Amino acid sequence: MPRRVAPLLLCILVAGCGGTTPPVSDSVAATSGDVQTDTVARVLPAPLVVTVRGQGGNPATGVPVAWVVQSGGGSVAATTVTDASGQASATWTLGPIAGAQAVHVTAGGGSVTFTATALPDAPTQASKNAGDKQNAAPGAALPVPYAVLVQDRFGNPVPGVTVNWAAAAGQGSVSPAAGVTGAGGVATTVHTLGPTLGDDTVTATVPVLAVTLTFVSTGLRQVILVATVPIPANYGIHDTFVRDGIAFVCAWNTGVMIFDVGNATYGGSPSNPQRITTIATAGGEAHNAWWFWNGASKQYLFVGQEGPGGIGSSSQGDIHVLDVSNLASPVEVATFHLPGAGTHNFWMDESAKILYAAYYNQGVVALDVSGTLSGDLSARLIDSLRIGGPGNTYTWGVQLYGGSLYAVDMLSGFWQLNTAAGHLSIAAGGNNVPERYGSDLWVANGYAYTGTWGGVFRTANVTGNAVKIWQLGVGGAPTLVDSIITTGIATVSDVEVSSNGKLLMFSAENGPNAGFHFYSLADPAHPTFLYKYLVGTGVHTATLGYIGGRVYAFGAKDPASPALIILDVTSLTQ
Amino acid sequence: MLRRLAVLCLSVTMPLGLCAAQRPSLHFSGQAIPLLTTSNAVPGGASRSEARMVQPVLMLEGAALGDHLQLHAMGDFEGWTMEHGQLATGAYGEGYYDRRHPHTYVHELMLTGADVLGPAGGRIVVSVSAGKGFAPFGTDDPMSRPVMLYPANHHLAQILERAVAVAAVTAGPVTVEGGTFDGDEPEYPSQWPKWNRFGDSWALRVSGRPVSGLEAQVSRAHVHSPEHRQGAGTDQEKWSASARWERDVAGRPAYALAEWARTAEAGGAYLLHSALVEGAYWLGRYRPYFRLERTDRTEDQRVFGEPFQSVRPHLDSSILGMTRWTISTLGAQVLAWHRSAVSFGPTAEVAFANVTKLGGGVFDPRVFYGRTSFTTLTVGVRVDWRMAGHRMGYYRGTPTHHEMTMPMDHDHPEP
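Residue numbers (this note's numbering), protein chains in the order written: chain X, 1 to 574; chain W, 575 to 989.
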């Protein structure tokens, strides 16, 4: 570099210090025709005129003039020498490329540049520019907007062209339904897919061209993580009860965390849960809940306390009743204690105002929860039934269905019970899962689905990786008809069927396949796999919530880094 | 954490700065046992053999101000040499089953202000200690006892690796020690105690030495949520009683220990007992020893594919059941080579164990293990460098490195 710079410096020095007079050049200036606007490929209406002057400013005659198209690809037809008035002129035909174009003129020792703006020609073509052939869950807005590009005959984008959009009937909606192309010649719209699986069509019409374009995207079964809400590691998160856009998260010694997840009262949504409050129940160990409106003036939340126990031998834990008439300020008002036993999952006959509670070490308990609840609810006990007998009863869950009460017991299997206003008796079933321990249940479609628990082998090397499928007979008696076996898990910890009966969901923990598992119930006797959403540390419980026409799975990520996981599973329910 | 420990230590020992400066002393020591263990106490009915370097420790004991200021520090490197624990029939704790967990790297880091009253205390010796170490509860750490494999009752009979503050008062043959500490037990070797839980647990130990060579103690402790670090787990109420006897018999060192321990967890929902007797006797270069133990333990859900480890924290707060382990261990050590401060002691021991289901619960050892009787054979070499049976976990203000007796040395002064 220094070797190249040295001669340059030398030249500068020579020029700066020398005593010679620089040559005087003719000057050239644009006289007219600069800064015009017209359509591409057209001849500009005004010619380009330059005037060349010599020393003293007098017009210079016969000076050669050179015209060169500098940009835009057009052409010029011009005189090559100045006339008597020192002028030369040219006719400029714009090139085909829209935008700024230029012609450079040199004469004598001077030069000048003419510029012009070339506008696109009339639109002649339209094409799909972006967004076609996407996949998403039914009802979801596609992430990439559909885009149409309008161009002229040279391929220049044409702005200001109207494009009308329309979704085929039942195949979602578009927003906006009409628009004009922007500077880039593009008009866009967002397609929200229709509610069903399969292809959804949107047409884009360009009236000025009488052209219609078709966009097709597909609604697929998908699970979408919409929120992950950290829960204090105060022995983590256990069950969640969701109704009317309110989620009651049972977070052990932290208490019950109440979230607005779409109730509209506190501004929450499934993707943005808003915590309303947290209340710690007496003794902590909040495990499960059921929210009940008694039809009068009170709203109660029944909270199950899962105390320490030895599975199959002992347990403790009470039912705590919170008055949640004011969700922001709940108050514990009553408890129910059963010596030597601990409560687990609930089900309610809300019309009869009877709470059915599964009880570790006790079986099934029916409580009268009508009217105002306060203090000790011992007098509200209607009945209890140790379904498997002493030493063989550790009941996980209960559910009313078809006039029967069904119960699943860790030790004694799946039972059908009679209940007459809360008075319990055994109808059928029991001692029917000898190789595994039972866990949760759900009854729908004339079938029952029961999980299995695998904290330890009941039979050598057999884990709790099964969902048992029971067909309910005419009288409701269960008969085992099939099983779902999932490898890589130790326990099926929660089971639920969607309200439309089409989706079976279960949570799994302890193993590489821990997480949410989803099955189609097109054939309720033989579910077929749809989807799994794995959660490394496991999902302790999973609950379906119905909010704003969509279906969400609320999962308890436990035990490490506990969190409430919310998935949009709407597409799986179709 | 180190800063917090330092503050804790200094706060209880600062008054000693007023003492006259005397020449400080430092004593370094260490030990390690490379061993091979083969056992059929393995879930699923299999057998397993493993070679490990266990108890690789370096210890530093320091004294200054005329022994009024004492330092007990031990680095334990089991996190490197036995990252996933050591086969140990019936052992459990800190998320392990049938394996003994690795200890934390900083096993002990205690500063003691010894005899803080000085001559003003007369015959009463008062010491205060703080740092990371042992709570004043139970018996000697198994590391300083004759048997190579830890007993199953380790977590019933000792409380260690806590941020602890201890006060000890000795009057003649009686010592009363009280301490407060954090209840959370370690979860992995590099973990420090959870500082904001310091003080949520306490322990008290009363020891007496009625005759030469005999020490008896009774301990009581309340440990808050040891198995759930955030503190939402169940509490333990612990008791321990023991008699330790050590003196020459027929001119040769003899040692015996009898202990009983009880832990009540979750308000008494789970009651665990342990009884243990062990002894050793030097016959020339040979030292035969034995241990008889019966210990109860709770059974937790195991990690999928890792039957030696439990789900931590365990889901809900229920256990699978309880088992009772009866373990008889016989062994012998030979002092093969001894040069200056280093000694090598080849050792072999065999343990016969039997497990029974205790009470109800769904844990069936016959299903889990495929058997209920087990045999464990261990051969190893005790490598000792100036450590020789140091009695760990006592901060009574007595001279620092003279409390060693068993298993290696023949010089065994009174603790």
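One thing to keep in mind: the hints can contain errors.
[Stated by the list, open to error] So, partial list: chain W residues that the calculated Cβ filter (under 10 Å) puts toward chain X:
no., residue
1, Gly640
2, Gln804
3, Gly841
4, Glu873
5, Gln875
6, Val885
7, Ile893
8, Val936
9, Thr949
The set of hints was computed from the structure by calculation and includes no laboratory data. As the structure is a prediction and not an experimental result, all values here were calculated from the model. Note that beta-carbon positions come from the ideal geometry of N, C-alpha and C, so glycine has one too.
Restraint outcome when Gly640 of chain W is required to lie within 10 Å of chain X by C-beta distance: Nearest chain X Cβ about 47 Å off; hint violated.
Satisfaction of the Gln804 of chain W interface hint, Cβ to chain X closer than 10 Å: Holds, about 5 Å.
Cut-off 10 Å, beta-carbon criterion: hint that Val936 of chain W touches chain X: holds (4 Å)
When the least beta-carbon distance from Gln875 of chain W to chain X is tested against 10 Å, hint result: holds (4 Å)
Hint check, Glu873 of chain W versus chain X [nearest Cβ-Cβ separation less than 10 Å]: OK, holds: Glu873 of chain W within 10 Å of chain X, min 7 Å.
Residue hint Thr949 of chain W, partner chain X, criterion CB-CB below 10 Å: violated (21 Å)
Hint check, Gly841 of chain W versus chain X [nearest Cβ-Cβ separation less than 10 Å]: Holds, about 7 Å.
Proposed interface contact between Ile893 of chain W and chain X, which counts if any beta carbon pair is under 10 Å: Cβ of Ile893 of chain W sits 5 Å from chain X, so the hint holds.
Residue hint Val885 of chain W, partner chain X, criterion CB-CB below 10 Å: Val885 of chain W check passes; min Cβ-Cβ to chain X is 6 Å, inside 10 Å.
Hints 1, 9, counting from the list given before, are not met by this structure.
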